[in-house]
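Whenever a hint applies, use it, and build me the whole structure from the sequences.
Here's the letter readout for the chains.
There are 2 protein chains.
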Amino acid sequence: MGNKELLEKDFKNLLSELNSYKEMLALAQWDMRTKIPKKGVEQRSEVVGFLAEKAHQLETSEKMKYFIDMLKEDTENEIIKKAVLECEENYIRNSKIPLDEYKNYVMLQSKSEAVWQEAREKANFALFQPYLERLVEYNQRFATYWGYEDHIYDALLHNFEPGITTETLDRVFPDLRQAISSLLTKINESSLKPDSSILQSHFPKTDQEEFSKEILNRMGYDFSSGRLDETIHPFAISLNLNDVRITTRYDESDFRTAIFGTIHEGGHALYEQNISEKLASTPLATGTSMGIHESQSLFWENFIGRSKAFWSSHYELFKKFAPTSFQQVPLNEFYQAINEVKASFIRIEADELTYPLHIMIRYELEKLLINGDIKVSDLPNLWNEKMQDYLGIKPPTDREGVLQDIHWAGGDFGYFPSYALGYMYAAQFNHILSREVNVKEAISTGNLGSIKHWLTQNIHQYGKMKKPLQLIEDVTQEKLNPVYLINYLTQKYTDIYRL
Amino acid sequence: MGNKELLEKDFKNLLSELNSYKEMLALAQWDMRTKIPKKGVEQRSEVVGFLAEKAHQLETSEKMKYFIDMLKEDTENEIIKKAVLECEENYIRNSKIPLDEYKNYVMLQSKSEAVWQEAREKANFALFQPYLERLVEYNQRFATYWGYEDHIYDALLHNFEPGITTETLDRVFPDLRQAISSLLTKINESSLKPDSSILQSHFPKTDQEEFSKEILNRMGYDFSSGRLDETIHPFAISLNLNDVRITTRYDESDFRTAIFGTIHEGGHALYEQNISEKLASTPLATGTSMGIHESQSLFWENFIGRSKAFWSSHYELFKKFAPTSFQQVPLNEFYQAINEVKASFIRIEADELTYPLHIMIRYELEKLLINGDIKVSDLPNLWNEKMQDYLGIKPPTDREGVLQDIHWAGGDFGYFPSYALGYMYAAQFNHILSREVNVKEAISTGNLGSIKHWLTQNIHQYGKMKKPLQLIEDVTQEKLNPVYLINYLTQKYTDIYRL
Chain W
8 MGNKELLEKD FKNLLSELNS YKEMLALAQW DMRTKIPKKG VEQRSEVVGF
58 LAEKAHQLET SEKMKYFIDM LKEDTENEII KKAVLECEEN YIRNSKIPLD
108 EYKNYVMLQS KSEAVWQEAR EKANFALFQP YLERLVEYNQ RFATYWGYED
158 HIYDALLHNF EPGITTETLD RVFPDLRQAI SSLLTKINES SLKPDSSILQ
208 SHFPKTDQEE FSKEILNRMG YDFSSGRLDE TIHPFAISLN LNDVRITTRY
258 DESDFRTAIF GTIHEGGHAL YEQNISEKLA STPLATGTSM GIHESQSLFW
308 ENFIGRSKAF WSSHYELFKK FAPTSFQQVP LNEFYQAINE VKASFIRIEA
358 DELTYPLHIM IRYELEKLLI NGDIKVSDLP NLWNEKMQDY LGIKPPTDRE
408 GVLQDIHWAG GDFGYFPSYA LGYMYAAQFN HILSREVNVK EAISTGNLGS
458 IKHWLTQNIH QYGKMKKPLQ LIEDVTQEKL NPVYLINYLT QKYTDIYRL
Chain D
8 MGNKELLEKD FKNLLSELNS YKEMLALAQW DMRTKIPKKG VEQRSEVVGF
58 LAEKAHQLET SEKMKYFIDM LKEDTENEII KKAVLECEEN YIRNSKIPLD
108 EYKNYVMLQS KSEAVWQEAR EKANFALFQP YLERLVEYNQ RFATYWGYED
158 HIYDALLHNF EPGITTETLD RVFPDLRQAI SSLLTKINES SLKPDSSILQ
208 SHFPKTDQEE FSKEILNRMG YDFSSGRLDE TIHPFAISLN LNDVRITTRY
258 DESDFRTAIF GTIHEGGHAL YEQNISEKLA STPLATGTSM GIHESQSLFW
308 ENFIGRSKAF WSSHYELFKK FAPTSFQQVP LNEFYQAINE VKASFIRIEA
358 DELTYPLHIM IRYELEKLLI NGDIKVSDLP NLWNEKMQDY LGIKPPTDRE
408 GVLQDIHWAG GDFGYFPSYA LGYMYAAQFN HILSREVNVK EAISTGNLGS
458 IKHWLTQNIH QYGKMKKPLQ LIEDVTQEKL NPVYLINYLT QKYTDIYRL
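As they're listed, the protein sequences go chains W and D. Here the numbering used here is used: position 251 in the first sequence is 258, and no number is missing along the way. Here the numbering used here is used: position 228 in the second sequence is 235, and no number is missing along the way.
Honestly, I wouldn't trust all of these hints.
Same chains, same label: a pair holds when it works inside one copy or across any pair of copies.
Unchecked claim - Under the rule of at most 25 Å between Cα atoms (straight-line distance), these lysine-lysine pairs were calculated in the DSS-like manner: (1) K46 with K220; (2) K220 with K45; (3) K46 with K285; (4) K447 with K110; (5) K110 with K70; (6) K110 with K61; (7) K19 with K46; (8) K315 with K220; (9) K212 with K42; (10) K16 with K110; (11) K42 with K220; (12) K19 with K110; (13) K486 with K89; (14) K285 with K45.
Just so you know, the hints here were simulated from the structure itself, not pulled from any lab data. As the structure is a prediction and not an experimental result, all values here were calculated from the model.
Have a look at this one:
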């Protein structure tokens with residue numbers, strides 16, 4: 008073995024060590040959310056803290072720096088080259104934060120989540136305010152350490168969606184907002200009013216679970232590389248490429264929670280399960296960004312799962328698992344009901360059309376906050392004003408308003424835009440997919456595999472080998488363009504509401 | 008803080024690091040046995056290997072040696088003192104084995120388990136023989152590294168039951184064997200023949216699970232610090248004092264597997280759940296030996312779970328969960344049936360009386376093997392001869408014979424005697440318990456808590472603060488004495504079989 012081969016081998020060993028910590032962190036997290044007994048949590052939190060520190064130490068170690076310097080310009084192996092770049096980015100970003108500050112921040116995060124939980128339960132923003140103020144300060148400081156060109160918020164966006172800036176968002180969001188608003192006005196004027204009460208009949212958990220599993224199988228989710236469990240907050244998590252687990256929530260009085268939740272998380276899981284094995288045990292073996300990840304989950308949930316084609320060919324199957332009351336519900340009424348548009352206080356309960364408005368509200372507030380244009384104490388009022396402005400409703404308390412999401416309590420500023428970006432990406436991918444695959448036929452013949460295959464070929468297999476913007480351009484031959492989502496929504500709701 | 012306090016604090020931090028690795032190893036193992044998807048196993052094995060190496064490195068590190076040297080003679084803190092001694096023992100034992108040999112041995116173990124599995128399935132001892140030969144060689148060499156006074160096998164016994172030697176076993180086993188043989192002869196001559204076919208009616212899994220959970224609750228197993236899952240091979244595992252999980256196996260045609268299995272594992276779990284919180288995050292926060300652990304599981308399974316007092320007061324409860332056929336089975340016939348004596352090829356299916364004979368066979372063979380008096384290739388024949396001699400039956404193939412247990416494939420020589428020791432310990436503890444607590448009354452009033460309380464006060468709380476022999480003497484005021492088990496078995500089976 009030559010010197011370079013030896014070096015590459017040693018580098019791979021270091022990556023594999025890092026990966027071991029990350030697999031254990033993922034397992035610990037999965038267990039804490041699904042199986043851990045109540046009293047085991049305290050000690051486990053310490054263990055997780057220890058593992059996270061170990062991983063962080065490796066990522067910023069002298070050893071890591073050495074491999075980056077030695078291999079950066081001097082490897083012909085494309086995977087190693089990209090892995091080195093990924094490690095370098097992490098190294099630079101992590102090294103810019105003094106270790107003491109990092110540790111204090113991690114402790115603040117974990118405390119803040121508990122305080123947020125209490126504040127939300129009591130609908131008492133004042134409890135959470137001092138913590139949120141410190142979290143904002145940290146994020147402002149980190150953003151300064153990391154650096155940015157135009158807007159301080161760009162430094163935070165970069166953590167979740169590299170390449171996307173406030174400039175991009177300020178370009179695409181207004182068009183999207185206007186299109187949605189105009190659709191909303193027409194929908195409100197429409198005489199057609201879907202009746203979603205027909206969906207609310209008692210649907211036993213075990214039957215929902217069986218139907219969910221059947222759909223996951225048809226999507227191509229591999230149960231020998233994953234499993235489905237039950238949690239209050241559904242999620243997907245990858246332990247390694249051959250162990251990608253999802254969870255869902257069952258509401259026996261409303262099956263939509265479980266079915267669409269399962270399809271959504273299944274979309275995330277398909278992404279992780281179908282990354283090329285060649286990337287295993289490297290930092291490239293995961294989704295390339297939050298936005299691209301969300302494009303996969305939203306694609307399956309909305310573009311497939313809430314489509315007419317899907318229910319035309321799966322409604323009979325559904326009725327085999329569903330309560331008998333559905334026998335009396337015609338397909339068309341069912342389809343309209345699951346696509347009812349109705350302004351909601353809660354983001355995760357929002358319909359397909361109004362969902363992006365929730366994201367825009369958060370984005371605008373975050374940007375102002377991080378830029379120092381508004382204070383944390385201004386948030387509750389501004390939130391309510393924006394809800395009124397965008398959605399025409401005002402939350403009764405901060406529980407249904409500014410306190411509803413956990414993200415800020417975890418210090419995740421710059422995360423929310425990924426949800427709307429993912430939605431636009433999904434529409435843009437869907438546009439190309441529909442040209443290359445006969446989607447309707449694939450769905451109606453139950454051959455969802457051909458859709459999964461296209462996604463794997465064009466998106467999944469690459470993991471982090473391609474950055475999100477490169478991926479979008481490679482697949483769609485253009486940059487992020489909101490027009491595809493606008494067209495999709497216009498077409499879908501014009502049809503449903505006969506606009 | 009003085010120098011000594013600082014030193015103790017740093018030592019505790021090291022122990023807590025070590026504990027983090029061990030908690031993660033336990034979680035990984037639990038997950039691999041209960042939840043992991045099939046294809047996730049390969050990568051996980053690497054992660055487990057990595058974590059085990061990390062823990063081993065810490066246990067044999069210069070840093071560990073430093074704390075041992077500095078604190079051994081110079082601490083007034085009783086817990087730290089014992090923790091140092093425990094670490095020193097591990098340090099010395101682990102350091103005596105060259106790292107290369109250790110690694111090769113770990114790899115051999117993991118390979119051997121897979122080969123053993125195949126060999127057992129195919130009832131083909133020859134497949135397994137070369138691996139077993141190497142495992143025996145390693146164990147002989149390790150025993151030499153570790154050292155011993157009289158018998159090489161003592162060095163291996165020490166790993167599982169410190170203080171117990173071949174001399175002890177050779178003193179107690181013959182008496183026990185003779186007592187059992189004499190009881191067996193009488194039982195075979197007795198006209199009373201329990202009818203265990205009355206137990207075999209279809210008992211749905213969910214009902215068995217509910218009854219099992221009810222009994223666990225009554226035993227005092229804390230579900231907020233644990234959980235019950237299903238596996239083919241039941242086990243108990245402690246992640247930390249507040250997270251002690253158990254599993255059981257459900258056989259819908261024979262409830263005994265699940266019920267007695269659950270009580271058995273519940274006994275192990277009660278031990279771990281009730282260790283003093285003061286020992287948390289030290290190597291003392293676990294059961295003191297395999298034998299003492301087995302004394303707790305066997306105590307609950309046999310002395311409580313198969314007792315007349317237990318079923319007199321729980322049979323009505325049982326019938327609420329059981330198939331209706333049990334309504335026709337009188338308590339006495341039920342009690343006789345669950346205590347039927349019948350020679351069995353398989354150790355884990357053996358009845359209470361013949362169980363120790365299975366252990367003696369393995370002990371005698373292991374001793375000869377490690378001492379070099381017999382060869383691995385002699386095992387199948389010798390096994391069958393001893394089965395004939397001790398139990399009067401001969402296994403049809405090696406699958407039901409020498410290949411039945413996994414222990415040797417994992418290199419665990421010296422482990423089996425713990426099972427019989429645990430049984431004798433249990434009887435000896437039970438003798439004192441019965442003097443200090445009105446056990447029959449406690450059982451009949453459903454107050455198993457007073458039994459758990461006694462076990463916690465006398466045994467559980469100490470964790471590894473007391474070595475097994477010290478514990479036995481402190482609780483029973485004498486050394487290991489097989490007479491209590493002999494008396495218990497004699498009394499029980501004289502009553503059941505009207506001898």
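Alpha-carbon proximity between K212 and K42, which holds within one copy, between copies, both or neither at 25 Å: both (18 Å within a copy, 20 Å between copies)
Identical-chain pair category, K46 with K220, by Cα at 25 Å: between (31 Å within a copy, 18 Å between copies)
Within, between, both or neither: K110, K61 at alpha-carbon 25 Å: Answer is both; intra-copy 12 Å and inter-copy 23 Å each pass.
Intra- versus inter-copy proximity for K45 and K220 (alpha-carbon distance at most 25 Å): between (28 Å within a copy, 17 Å between copies)
Homomeric proximity label, K486 with K89: Cα distance no greater than 25 Å: within (22 Å within a copy, 66 Å between copies)
Intra- versus inter-copy proximity for K220 and K315 (alpha-carbon distance at most 25 Å): within (21 Å within a copy, 46 Å between copies)
Alpha-carbon proximity context of K19 and K46, limit 25 Å: For K19 and K46, the Cα distance is within 25 Å only across copies (22 Å; inside one copy 38 Å).
Intra- versus inter-subunit Cα pairing at 25 Å for K110 with K70: This pair counts as both: shortest intra-copy Cα distance 21 Å, inter-copy 24 Å.
Within, between, both or neither: K46, K285 at alpha-carbon 25 Å: Between copies only: 16 Å across chains, 40 Å inside a chain, cut-off 25 Å.
Status of K45 relative to K285 across identical chains (alpha carbons, at most 25 Å): Close across copies (20 Å), not inside one copy (39 Å); limit 25 Å.
Homomeric proximity label, K447 with K110: Cα distance no greater than 25 Å: neither (51 Å within a copy, 56 Å between copies)
Copy assignment of K42 with K220, given that the CA separation must stay at most 25 Å: both (20 Å within a copy, 17 Å between copies)
The structure fails hint 4 only (numbered hints given earlier).
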